[in-house]
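Visitor: Sequence:
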Amino acid sequence: CSDVCLSMSCRQFPGCGNIVTFSQFLFIAVEGFIFEANFGRKHPAIPIRNYFIMVAMFFTVSVVNNYALNLNIAMPLHMIFRSGSLIASMALGIIILKKRYSLSKYTSIALVSLGIFTCTFMSAKQVASDSSLNQEDGPQAFLWWLLGIAALTFALLMSARMGIFQETLYQKFGKHSKEALFYNHALPLPGFLLLAPNIYQHAVLFNQSELFQVPVLGLTLPIMWFYLLMNVITQYVCIRGVFILTTECTSLTVTLVVTLRKFVSLIFSILYFQNPFTGWHWLGTAFVFVGTLMYTEVWNSLGPLLARCRRLKEE
1030 CSDVCLSMSC RQFPGCGNIV TFSQFLFIAV EGFIFEANFG RKHPAIPIRN YFIMVAMFFT
1090 VSVVNNYALN LNIAMPLHMI FRSGSLIASM ALGIIILKKR YSLSKYTSIA LVSLGIFTCT
1150 FMSAKQVASD SSLNQEDGPQ AFLWWLLGIA ALTFALLMSA RMGIFQETLY QKFGKHSKEA
1210 LFYNHALPLP GFLLLAPNIY QHAVLFNQSE LFQVPVLGLT LPIMWFYLLM NVITQYVCIR
1270 GVFILTTECT SLTVTLVVTL RKFVSLIFSI LYFQNPFTGW HWLGTAFVFV GTLMYTEVWN
1330 SLGPLLARCR RLKEE
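In the working numbering, the protein residues as written are 1030 to 1344.
No wet-lab data here; the hints were simulated from the structure.
One or more hints might be untrue.
[To be verified] Mimicking DMTMM-like on lysine to aspartate or glutamate, the simulated pairs with C-alpha atoms at most 20 angstroms apart in a straight line are:
(1) K1134 - E1239
(2) K1134 - E1208
(3) K1128 - E1196
(4) K1204 - E1065
(5) K1127 - E1196
(6) K1134 - E1196
(7) K1207 - E1196
(8) K1207 - E1326
(9) K1134 - E1065
(10) K1071 - E1208
(11) K1207 - E1065
(12) K1128 - E1326
(13) K1071 - E1060
(14) K1201 - E1277
(15) K1204 - E1326
(16) K1128 - E1239
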């Protein structure tokens, strides 16, 4: 739902990523300041300098990902790049943490990544004819596109590195997901002053969008503010779950869960916007399903379960 609201916003105002990110950060920071930090009276369990490092990476990834939309990067291509987060996380885990995985883990990650790439690529082909890319100044537009690709690659690797940093941090200081959620969103807020003109510009544009009556409440407001509100609420639920996962699972497992969430968002977006769901989409979905089962090693659990069922029947 969060990605659908973002897609609908970007369709009307492609450069609205900064106001969306700022709204998400502000909402989560205010909520955390009240309920987690107890209006600033509660001291953090993890040293604040570690949060500054985490925040620098988190803020950079969010801003770079959103700014890439201004560099001739279409939303489908944006999502295709994010489908590579699993491979990036596994690669950095091997390089930095010296981790080694079983063959089934490598295969499962490859299947999930291939499945998500297939679905996203086919969706990108379907909307390519709808995207009104500016073909003027061809070489210049292509250079901006290359810069966008470089930005997405940087954000992908930085995001994977941040996951590994969080994993090592929680191993050292314990599990504090709510505290981490608050500081990761409160500390970067001054950085949005650099983006204030862009945020203000889009706030004015949002005010000028068509009016929309909210169901049940009967409240009337510009539809872009409604999209933003829905995006902020759904993103809060999602990101809170992710921060809980980071304290309980490895960075690779967290990345898998987040990637699967994005895959569900993609499928929901296809159905919501009534785009064709082709045989390629079914194939991609099958890859994701089989890869997920392989990663969770459900086959190993099915063996003893089936044997137990046979014994019960024999008795």
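Visitor: None of the hints should be skipped; say for each whether it holds.
Guide: These are the hints, each one checked on the structure:
About 49 angstroms separates the Cα atoms of K1134 and E1239, which puts this hinted pair outside 20 angstroms; it is violated. The hinted pair formed by K1134 and E1208 fails the criterion: a straight-line CA distance of about 31 angstroms is larger than 20 angstroms. The hinted pair formed by K1128 and E1196 meets the criterion: a straight-line CA distance of about 13 angstroms does not exceed 20 angstroms. Taking the CA atoms of K1204 and E1065, the gap is near 14 angstroms; set against the 20 angstroms cutoff, the hint holds.
Restraint check: the Cα-Cα separation between K1127 and E1196 comes to about 14 angstroms, which is no more than 20 angstroms; the hinted pair holds. Restraint check: the Cα-Cα separation between K1134 and E1196 comes to about 19 angstroms, which is no more than 20 angstroms; the hinted pair holds. For a cut-off of 20 angstroms, the pair hint linking K1207 to E1196 stands: about 15 angstroms separates their Cα positions. Restraint check: the Cα-Cα separation between K1207 and E1326 comes to about 30 angstroms, which exceeds 20 angstroms; the hinted pair is violated.
With a CA separation close to 37 angstroms, the supplied pair K1134 and E1065 exceeds the 20 angstroms bound. Only pairs whose Cα atoms come within 20 angstroms are accepted, and K1071 paired with E1208 is accepted, the gap being roughly 10 angstroms. The straight-line distance between the Cα atoms of K1207 and E1065 is roughly 7 angstroms, inside the 20 angstroms bound, and the hint therefore holds. Restraint check: the Cα-Cα separation between K1128 and E1326 comes to about 18 angstroms, which is no more than 20 angstroms; the hinted pair holds.
For the given pair, K1071 sits about 14 angstroms from E1060 by alpha-carbon distance, which is consistent with the 20 angstroms threshold. Only pairs whose Cα atoms come within 20 angstroms are accepted, and K1201 paired with E1277 is accepted, the gap being roughly 13 angstroms. Between K1204 and E1326 the CA atoms are separated by roughly 26 angstroms; this puts the pair beyond 20 angstroms, and the hint is violated. For the suggested pair K1128 and E1239, the alpha carbons sit about 52 angstroms apart, so the restraint of at most 20 angstroms is broken.
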